[in-house]
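Asks: Take a look at the letters that make up each chain.
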Amino acid sequence: MHIYRVEGSDVVALSGVDLSISSGEMVALVGPSGSGKSTLISLLGGLMRPSAGRIAVGGYDIGKLSDAELNRLRGTEIGVVLQGAARNLLPYASLHRNVWLAQRRAAATRGIELAEPEEILDLVGLSGLANAKPPSLTAGQQQRAALAVGIAAGPGLLLVDEPTSQLDSAGRDEVLAALQAVNAKRDTTIVVVTHDPEVGARLGRVVTIRDGRVGAEGRDGQDFAVVAGDGTIQLPPDILGEFPPGTLFLVDRDEDGSVRLESERS
Amino acid sequence: MIAVILAQLAARWGQAATLYLLSIAATVAAVSVPAYAVAVDHAAVERELAEADAGSLVVILPPLSATAPSPTTELPSHAEELPAYADARSRLKSFVPVTTTQIQVQGLERGNRAALEYNLMARDGLCRHVTFLEGRCPVGNREAALPSSLAKKTRLGAGDTVVLTPVRSSEDGGWEPDGPPVSLTLVGVFRANDPGSAYWTLEDPLGAVGDPAIVTNRRTLETLLHQRETIYLDAILPERLLTPERIPQLRRELQTAERRLSQQNPSGISLLTRLPEMLDRIEEQGRHARALLPIAAAPLLALCWLVIHLAVGHGVWSRRQELGIVAVRGAKWPTRALLVSGESLVPLLAGVPTGLVLTGLLVSVAAPGKSGVIAIDTEQLLAAGVAGVGTLAAALIAMRRELSTPVARLLRQVPPRSRRLTLAAVEGLTVALGLAVVIELRAFDGELVGIMVAGPAVVILAAATLVSLGAKPLLNVAGRWSLRRGKVAPAVAALYLARRPGSVRLLVVLALVSGTLGYAAAATDVASQGRLAEAEQLLGAPRAVEVRQADRGQLLHAVRAADPEGKYAMAVVSAPTTGDEPPVVAVDSTRFARIVQWSSRYGTMSPARVAEALRTPGKASLGAREPVVVRDGELTAELIPDSLTPDGVLEVSLQLVSLTTGEQVIASFGSLTAEQTTYQTEVSGCADQCRLAAITLSMSGAQTERLGVTFQSLQQGGEVVMSTQEFADEKRWRIPEEGPIIDQLHMSGGDDGLLVWQPYARANVDYVLQAVDVPYPVPAVIAGRLPSKEIVNIDGDRVQFTQAAKLDGLPGVGAVGALIDLEYAERLTREPGAAVSPRVWLAADTPDSVITRLREEGLGLTSDTTIESLRAETERTGAAMALHFYDLAAVLTVLVGLGALALVIAVDRRIWTRGMRSLHIQGAAERTTAAASVWSYGGIVVTSALIGLVAALGAWFASGLRLPFGVEESLLPAWPRWPQMVAGVAVAVLLLFVGALAGGWWQRRLVRVRREGDG
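Chains as they are written, first to last, in the numbering used here: chain A, 15 to 280; chain B, 559 to 1573.
Just so you know, the hints here were simulated from the structure itself, not pulled from any lab data. A virtual CB, placed ideally from N, CA and C, is assigned to each residue, including glycine. There could be a bad hint or two in this list.
Claimed, not checked - In silico BS3-like links for lysine-lysine, alpha-carbon gap of 27 angstroms or less:
#1 B:Lys1125 / B:Lys1289
#2 B:Lys1045 / B:Lys1030
#3 B:Lys1347 / B:Lys1364
#4 B:Lys1347 / B:Lys1289
#5 A:Lys78 / B:Lys890
#6 A:Lys147 / B:Lys890
Claimed, not checked - Chain B stretches covered by chain A per the calculated footprint, using a threshold of three residues with CB under 8 angstroms from any CB of chain A:
#7 798 to 806
#8 963 to 969
#9 1310 to 1317
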């Protein structure tokens, strides 16, 4: 749960989210604006602390880590790509320097050899642009450069917020290709916040966040409702729209084992 | 990381350049204090060397006399103290030693002039200081040379041989041989290369003062048999070695030599030199400058630090997102700190050494004198360190949040609430500090020393903060008012100022610019007025000429003769007062009102009334008594010695003073006997009348129990000059109060006349009874509180005075002292004598003919000073020179102010263009938004200028008269003149206004570009 305060009132941004993401998985978080997607990704990245509940990334309980430990985690284990490519890049520094700077903590902490910045840029399809500065790149290139910075330290988890929101379809495809390449070559777990159903479809697993909780999940082209931790199930909006609030359902199990919801109207 | 920081600097070079310049300005402000003080020191040395006579650089040891029982060539060995003296002189390591050995000789001239004695001297280095008109330097044994004046007088020249006999003064006042005659060859005739140099202020062989001397060499004197010689051990300080830096060393050398001398002779014989006084004067100028300079620099330094703080703060705030990027990657604190601070600290730190070097150049241009580029010394390094630390602190405080803020907050662009609270606390603290400074200075008479040198800056800052806080709601009201009336542009400007985040800080920073300049203008104007008043008071008249060695009476008569109408010239004489006695100046009050330079500072009395108070015109002024006047011819006195006075031991004489020439004439009646009562004397020298100044009783023979005589009458040519009743009036007489009380006369008036007696009369003592023909106690116009009822008269005697008027100050005197009438003062003297500081005050319109007539009357005029020339002289004092520092400070202040304005405009550009676009969307014409830009930034400048002026006045109220101007406080006006003060600020405000217009134009262009982009 995450609660924040606006003009003296408490706002519950997320509540009852029960989500498990396996290592190496690619997950798209979708949902309407204000549903809590970005908050969830900030909590996963340790940029915010949950007001209640538990978030575990790898072996770490994010809520119990100190600021310094969270800092170290972001420098080594978790890559964060903020919404808007420019917010991830130092405009005055070359791409090589941007990637190098993002590797500093990891290099100092783990003492292992990290991939060369050029190699990382190659991975996201920016070969030959190591000396270019962000303002000279196209929007798509900038977004891939932001991805390069996010994976610079070789994190196990990459959190990406709206990577395709301001891109055309070609740019979107390049970014998605880059994400898939990262996932494939590095086995990096990738969580992407997006509004774009196409992106969700391309990533395989789509988790829909509605009203601060996981509303549905789509796998292999099929949409599933999800039983929340408190036992509730959110119906898909199109079905829910047919029944006004207060509508009574009869829940019954069929002989073949399937569960049937029967409205009293029917 | 270095590459990243360099990339930051390259990307935002404008911001970096601004910080670099601000850091330079801060460093210059701090370093210029010691640098400028050094320049003032150099200027003070220059001034002293230019004004002091050459003798000021000379150190003279007491002359040594060597006497041998018989003629010898080993005479120096007979001067027992010579080794000790030589040792003492050797301690003067910076000085050039000059030893002169001198004997007297006769025989240079022939015939009846052969008996004239001359000095024969050998002096170190003489041949280097002369040019030989004939022959050469006398380097060989038995060789000598003559100064050209002596060669001309004696008609001797190179190649002549003279036989000289050493002589010494004999007991009978003549000369007797001191050794056998010796033959010398004259090998040269010379003249001095530079007769005015210090070398020739020692024993003078040129004859400028006294007779010229024959010059030989030491070898000749050492092989010349004689019994007596005088050895002078002197030392000269080369001008080039008199530098401010060497003053402590010179003092040490003088003290060491003095100590060595006193070891040899504890009786108190010491070095004869005026150098310590000169060094004192130089250091005093430096002290005055050092007291004022930090006060002048502090506001500028505060301004620089404040602008640096704002610039760094805005810079760091604008790149919070970048810092967030780095933080979100888990960067360790050093990496984050470098990225946060490096971009700001690199130009700021680079500015410190640049400013340090630049200061020397700037000071050499701005400072008076020819000090050249000031070398960097320890004090300057220390000041640069202080500037650097302050700059660093200002920057670090500005970026403290970005160094420690959590990542999530860095990624947001919302100012934290606690920041507003901190700002309010800082503003409150600033105002409280300013208040504390005002209370300290006004209520507790605090001085602007130590930490309080920052006092005026703190008060300006506090007053600017307070007024800015007060102005904010007013601007809001003005904005709403304008809006209601449809005046969009002024409304936008006023509301922008009232509601802009940090508008108080913005106003304070710009107000600090005009406040600093206003305070500087006030200080400069008040000091200028003070120096003018000081010059007026010091000189006393629009113009004054000094007179060389004049008798007091002669001076008075000569000036009156040169200007009989009393329109242009007035004689003035000072009393020979010591340091702890109030100064007394005697003026010729018959013309005082016409000539004196009067000022309303002295009081409400007019100069005419002051003159009347000193001496009422007409007979009444004499206290109902006319001077007792006699002329040439027989003078008869009726005198009755008392019965206890032995016959023939008491001698009575009259001291007469010529009414026209002021010369003294003595008329003695001889010794008195009991049988005789009528005595005659022949007066001579009083053809144009003399006044009776005093009666002298003297005793011949051994001490007696009592001297006494009754004066009954004085007659001349059958007329009674002084009757018995007049004699008997005790108020006509005054017993001088100088000397032991036992030597004072006693007097008693009665029917028989005036009985005067001395109960313990001693031989060879003159007992004086002075005639009083002026009001006594003498009327005096005083200023300040005099310590007693007596003042020093112009002859050094103490006389009683009556306070005719009391003023706040007096011309030629100052804030404490007295003015008396010169004629009265002279009549109160026992005898004529040399005037102390004789001078003639002149009216501004004095024609040259009066000066000519003064010379024709025999007055040697030495210097001609006007108030303006004297004021110009005071401009070269340490404090006055230090005030010129404000010129440099003003330029820097305006530059920093422009930098601050540019910073504000740059910071505001996003919010401004957004706002103007909104106005356009709502239908506002481009003209309206353009006008709003002009009104906004122009409004900032004008509003801040007004606030700054108020702040400057507040600071002036608190500290103005505490500034060490080096001028008597009573001469300083309490407030500056408005036009001067406003003019001092106006130029700067104009420049800032132009800057504001340029900023407004730029904003307008940005709005237009953005709109076209939208279109």
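Asks: For each hint, tell me whether it holds in the structure or not.
Replies: Results for each hint:
1. B:Lys1125 / B:Lys1289: Cα-Cα ~35 angstroms, so violated.
2. B:Lys1045 / B:Lys1030: Judged against 27 angstroms, a Cα distance of about 19 angstroms means the pair holds.
3. B:Lys1347 / B:Lys1364: Within the cut-off at roughly 14 angstroms; holds.
4. B:Lys1347 / B:Lys1289: holds (18 angstroms)
5. A:Lys78 / B:Lys890: Satisfied, since the Cα-Cα distance of roughly 20 angstroms is no more than 27 angstroms.
6. A:Lys147 / B:Lys890: holds (24 angstroms)
7. 798 to 806: violated (count 0)
8. 963 to 969: Holds, because 4 residues of the stretch 963 to 969 of chain B bring their Cβ atoms closer than 8 angstroms to Cβ atoms of chain A.
9. 1310 to 1317: It is violated, with 0 qualifying residues against the three required.
The structure fails hints 1, 7, 9 (numbered hints given earlier, in ascending order).
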